[in-house]
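Novice: Fit chain B to the known structure of chain A by using the hints.
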Amino acid sequence: MALPSPDEIKAQIEAGVPGASVTIIQNGSPSGQHSLLLDHAHAGGVAKFLRDHAEWRLDYCTLVTGVDWPDTETSEKVKVKKLVKGADGTESEQEVDEVRKTKVPGFLEAVYHLYSMEKKHGPVVLRLRTGNRTDDTRVPSLTPVWRGAEFQEREAFDLYGIVFEGHPDLRRILMWDGFKDYPMRKDYVAPADEIPLVEARTPAPGQETHG
Amino acid sequence: MADELKELKIELSKNGIFTTTLEELYNWGRKNSVWPLTFGLACCAIEMIATTMARYDLARFGAEVFRPSPRQADLIIVSGTVTKKMAPQVVRLYNQMPEPKYVIAMGACAISGGPFRDGYNVLKGIDRYIPVDVHIPGCPPRPEALIHAFMTLQNKIEEQALAGSARPRHLQKDLPSEFPVPEFGEHGLEPPQNDLVFHDAPGYPVSHPDLKVIQ
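Residue numbers (my numbering), protein chains in the order written: chain A, 1 to 211; chain B, 1 to 215.
So that you can see chain A by itself, here it is in the shape it has in the complex:
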């Protein structure tokens, strides 16, 4: 049995888990693989609901990954009425294009891909978002629901700095414990350990070293 549409899944989740709010994130590409954004308070409940659903049985979490959405600045052109001094010195009201810039704060995102081994269908894509990229980088861990997510959540913690609350053993997994950076973030800068370039010097006559 194929999975129902994301709207149907959303409706069933919201009916089955009281208080849960699910937002559908549209995917505009030809695959049309829309995903479900969960709220932190009910993420665990929704995960259990999806896993134990009699028809869907999403018992297998194949993938957990992180996504870094840096702070962005959007600019749009707005027509504004303004007093403009003309060439002859008189002021007149004219429509002027003005660029308005708005800062959109970034966040980190954990993405889960769910399949069903039993029903042989999938994927259902879940997303969890942090408050920001600096001091509020917490999302609830789904490892208690899908045990296989443990190492992948550790990887997302290691490389993106997403803190999974409720994870049984949240430590760095690829980099060493004393490492301070999050290398997969967009603004990561690797340490400057390059050496100056060397180029071949033409040997002076009689000083050739080869041959």
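Since the hints were derived computationally from the structure, they do not count as laboratory data. Take the hints with a grain of salt, since some may be wrong.
[As the list claims (entries may be wrong)] Pairs of lysine-lysine, DSS-like flavour, derived with a Cα cap of 25 angstroms: (1) 48/A x 77/A; (2) 120/A x 48/A; (3) 10/A x 48/A; (4) 103/A x 77/A; (5) 156/B x 180/A; (6) 186/A x 85/B.
Specialist: For chain B alone, coordinates are given in the frame of chain A:
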């Protein structure tokens, strides 16, 4: 050896008399029984394994006995990507080998970091921490390239003097046989290179006469 002695030796051998020197005999024995360490890091290790198998047969060069302990090995073939997390272990293995010991850096990653050079987790060449005798380019190098590197190393061993100022490191009491193991820092390995080994580092004289630093 002086040219006259070489000619005399050839002349004697034409007449059925074999002569040699202790140095030649000693180096002949050493170069034909170089035991590598059983040690592979990445895809280059697969080529290294292929080199030891029947088709390429590294045993022809006396190097078929891969030793599972650094205490019994003469050669470490750094075959593959050295991640920053692995680099201290590679240096430690090298330190645990008895002198005389040799290093072949096999493949683009081992000599420079290769395609991962701009990444956050790969060491930009093992020659930052241990002295490398032969570098092999390639990604991965074919078994023939490893055999060529091995023969280059054999030639190097053959030419090593047992006495005099040009004698190799393991015969000079003041030169180190162990090198500092880098430590895990907050942003990368500390130090990023060992200046005493990595001759082309900033503040250190450029080792090769044909190279100069671009300012």
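Novice: Decide, hint by hint, whether the structure agrees.
Specialist: Hint-by-hint comparison with the structure:
1. 48/A x 77/A: Given that 25 angstroms is the threshold and the Cα spacing comes to 46 angstroms, the pair is violated.
2. 120/A x 48/A: 18 angstroms, holds
3. 10/A x 48/A: Roughly 14 angstroms between the alpha carbons, so the hint for residue 10/A and residue 48/A holds.
4. 103/A x 77/A: Cα-Cα ~15 angstroms, so holds.
5. 156/B x 180/A: Given pair residue 156/B, residue 180/A is violated - Cα atoms ~43 angstroms apart, limit 25 angstroms.
6. 186/A x 85/B: 22 angstroms, holds
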